[in-house]
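**Student:** Taken in sequence, the protein lines are chains A and B. The first sequence begins at 1 in the numbering used here and counts up one residue at a time. The second sequence begins at 1 in the numbering used here and counts up one residue at a time.
Please keep in mind that the hints were generated in silico from the structure rather than gathered at the bench. All of these numbers come straight from a predicted model, not from anything done at the bench. From the three backbone atoms N, C-alpha and C, an ideal C-beta is built for every residue, glycine too. Careful: at least some of the hints might be erroneous.
What the hints assert, rightly or not - Just the calculated beta-carbon pair ranges, DEER-fashion:
1) A/Ala814 - B/Thr85: 42 to 50 Å
2) B/Leu90 - A/Val411: 39 to 47 Å
3) A/Asn345 - B/Gly32: 57 to 65 Å
4) A/Val411 - B/Leu207: 36 to 44 Å
5) B/Leu207 - A/Thr4: 49 to 57 Å
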Amino acid sequence: MFRTAVRNVLAHKARLLMTTLAVLLGVAFVSGTLVFTDTISSAYHKGSEKGFEHVDVAVQPTSGASGTPGEAPALRQELLDETAALPGVDSAIGAVSGFTALADRDGELVGDGWSTRGANHYAGADGADPRYPMAEGRAPQRAGEIAIDARTAERTGYEVGDTARLSVDGPVREETVTGVFTTDDGNVAAGGTLVLFDTATAQDLFAAPGEFTEIALSAASGTSQGELERAVSAMLPDTAEAVTGQHLADEQARAIEAEMSGMQTGLLVFAGIALFVGVFIIANTFTMLVAQRTKELALLRAVGASRRQVTRSVLVEATVVGLVAGVGGMLAGIGIAAGLRGLLNASGALLPDGPLEVTTGAIVASLVVGVGVTVLAAWLPARRAAKIPPVAAMSSVHATASTRGLVVRNVIGSVLVAAGAALVFLGTGMEAETAKFPMGLGGMLMIVGVFVLTPLLSRPLIAAAAPLLRVFGVSGKLARQNAVRNPRRTAATASALMIGLTLITGMTVVAGSAQKGIEKLAADALKADYTISMATYTPLSPEVQRTLAEDERVTAISPLRNSPAEIEGDTEYLTGVNGADIGELTDLDFAAGSFSGLSGDAAVVDRKTAEQHDWRLGSTIPVTYEDGARGELTVSGIYEGNEMIRGIMLDTATLDPHLQRVDAMQILVKTEDGPSEAVQSALERELGDNPALLVQSKQDVTEDIASMFTLMLNILYGLLAMAVIVAVLGVVNTLAMSVFERSQEIGMLRAIGLDRRAVKRMVRLESVVIALFGGVMGLGLGVFFGWAAGEMISGSLATYELVLPWGRMGLFLALAAVVGVLAALWPARRAARLNMLAAIKAE
Amino acid sequence: MTTSTHFGAPATAPAGDAAASATGLSKVYGAGETQVVALDQVSVEFRRGEFTAIMGPSGSGKSTLMHCMAGLDTVSGGSARIGDTELTTLKEKKLTQLRRDKIGFIFQAFNLLPTLNALENITLPLDIAGRKADRAWLDRVVETVGLSGRLKHRPSELSGGQQQRVAVARALASQPEIIFGDEPTGNLDSRSGAEVLGFLRNSVRELNQTVVIVTHDPVAASYADRVVFLADGRIVDDMTAPTAEKVLERMKGFDAKGRTS
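Please build the complete structure, drawing on both the sequences and the hints.
**Tutor:** What follows is the structure, encoded as structure tokens:
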């Protein structure tokens, strides 16, 4: 039987081609993901190990050790000196670092903003810092001097002696590049930029004079990391702790691993979707092959093969297909991983270098997935093959599916859809967290249910297309009838496309609605003309506010400061605002009181927080500020909070004395004549045309949000494209099989006068009809899920409202039609080229 | 024209009188050692309003002759005409149109589209051409083949004989120049076969149709006005007013000879 199975695979190479390709693509996605993430992960790993080469023991502030909320205890110069003097310490480096934006020669921000860092160059006894060996020039020694890493120098073209523009917390700084250094810093290896200042300047910028964020010790020879760690720990105050370099490296490796595994899981979900779609195609193909081979299989049964042997022979075929696809997919995946890295590097996302990591795990996973999915999908057709009675070998008619089968199927499908819909409806009435489970389960049930029901749905839905098809004459009529001829086959083919389109549509609906909701939120809550913030949303220096306040066109201005405080045992965030102007800048509904007189110990609170603490107008709030000082605030207003503005607001004059660093998350500005391009660019100019600073009007904010959503959607579309491509293969497969099965009919049509073009059109229209059928179902389900998910979201986003992206939906439907046309290219050509005489004679 | 009983030598009949004709028609498969001559300089014509049967042993080239003359297959040499139209020089598209408008076909099997009902199958060539069916003619055709009550039935709901009658009606519906039948009764029991052949003969007698069938059944051939015998790619005999006995007698000779070659 094994030989028969292998012979069958070889005999039906062409017919199994699309199936193999479908599995292959899914497997390639899986293995590509695994190889890519393994490669990047291992490169980061090596990088982080290198990065900690100079650190045997690091002294860090103890997390959460300070008595007051939010404050990180500082590591002072004295501590550095003390640790440096310990026996077994070869050298000690005080490190301080923070966000630093660097502009390139055109004034544009280098890097994505998040990984642009600044740090100190800690000059040792010889004036050098072992972490940052200078490749050119010398280290920065005083304010106004910087050194940049070699990769950044190469990227920006800055050379020693050039003046570079940068910004740490708002104001523009112009500094002279005195050196270019090389480094094993993990952040730089991952494509970030690193700017070095002299230690005093860096302390000014990122901490306070004489303070460090970390002390790195290297052990004298003969002293192990563990020994040194114990020695250092013994002398440290409670506010600091010592960890070994190895520990830090491991920790970073773990963090990288966690991040990469998150990304891996995310990508594998999409690979899973592509494979799920592939299952439909495999099942469809084997069903068709079994049907075509009814006589052959019956003959096998007639000459004595048992049912089990017949089942096994089909499964062996599936295994062979799965193996071929698994191996091919694995190789393709390795290629994809290599290509992807090159592509990402070329597009500016610098990934660490390193050899391609092809682990045994990835190889095994590819093969298991390939064979597993194929065999699983071929299971039902294989069982059906075994049920063919030996007598079928004698009869001339193909065994057709009984209508009873469809009745049972329709009942099961209806029950599934009803149960799924009920669960989803149930979920819409719940809180977001608890709704996830019923919604997810309901969604799954509905998709499966609709799939089960597609044969039933195919007739009325495709009949609805009849008026359109009539335009195409006989070809259109025949195409419509061919499409509903085998409802199961059409259903499986259309369902494959439906899955992709359901997800695409659902995500588009949710993203579009959420975008509208957030835009509305951003626009409705504010009266300010502009908001000013760092491009990375890191804190802004008060200097920015001072500069802006000097402009005479500015009529109202307020920072939004954030400071943690302890209130009635909870940590709450206090928002410091300019009490005099804030009423002009925000548009909040007050349930009681108002912004007026927001000064001294007055504070306004959002309704939810007030209810939680049972505060009313005039209530007294006991506060422990971040510096540990105690005070009392009086509620002078209760407002309706939203996702942008909530919590306790008080005047900056009250808050500022308690702050370690006076900075703002955002600055709100209102100008005389409202927003205009001229004023906006004037403000930007006053702030030194700083690329790291965002001066945004409401419209800019809206556009920003839109572009963020567009980017996110495009990534999702890209990931779902694979599922659609696999579905296209399915349509090609079904059509090719149909053309093969109907070759006699097509031959007859050609003989009685249907020309080649009309035959082609007939196949193409059938393809388009099937694709549109899948598209319409996908759109319907997608909109439903989009609505349901929105109901869940609207609980936490009050301004959320369902927006149906009609234009996009039309586009998706058009895309489905294009898919149909493309999928039909090859089968239609085959149909048109059929040799009439051979087709008619063939029996 | 209705009952043409005058027969001349095949190659010398006036051209205007022929619904289809072949002159020096050759069909060769393969080349060199494996070359097979299926048709060897065949000249024949089928007169209007006549029912002709082509007979011959297996491999004699009778189906090939029909396919070449019906524009279903290409020729290696010579000429084939439908009416005044030369087929051998026609482009694919024109040839398809010619088949659609001028020729009716009845095959041994797979004549009908399972998705269309009987009436839709009958009007299929007209639909393809985008022409409206001549209602009166259609009614007459349907009545002639006795399908009046079954027009809404799908092929799967019809018997084999009824299916072939639908095929006959389809061939007649577009009033073609000529109808070619390739073993039209090959898959039928003798009673259904007799019915179908009867309808074909009626269409010649009553509707003035021209019909050519390929058959290996002497009884089927006996319905024809004329029988053309083929052997080894050549016309070897031409019989008018055939009877089953006469045809069988003639075939026996070929069979004996055919076995030896």
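**Student:** All hints are to be evaluated individually against the structure, with a verdict given for each.
**Tutor:** Here is what the structure says about each hint:
no., hint, in the structure
1, A/Ala814 - B/Thr85: 42 to 50 Å, "44 Å, holds"
2, B/Leu90 - A/Val411: 39 to 47 Å, "56 Å, violated"
3, A/Asn345 - B/Gly32: 57 to 65 Å, "60 Å, holds"
4, A/Val411 - B/Leu207: 36 to 44 Å, "53 Å, violated"
5, B/Leu207 - A/Thr4: 49 to 57 Å, "54 Å, holds"
Hints 2 and 4, counting from the list given before, are not met by this structure.
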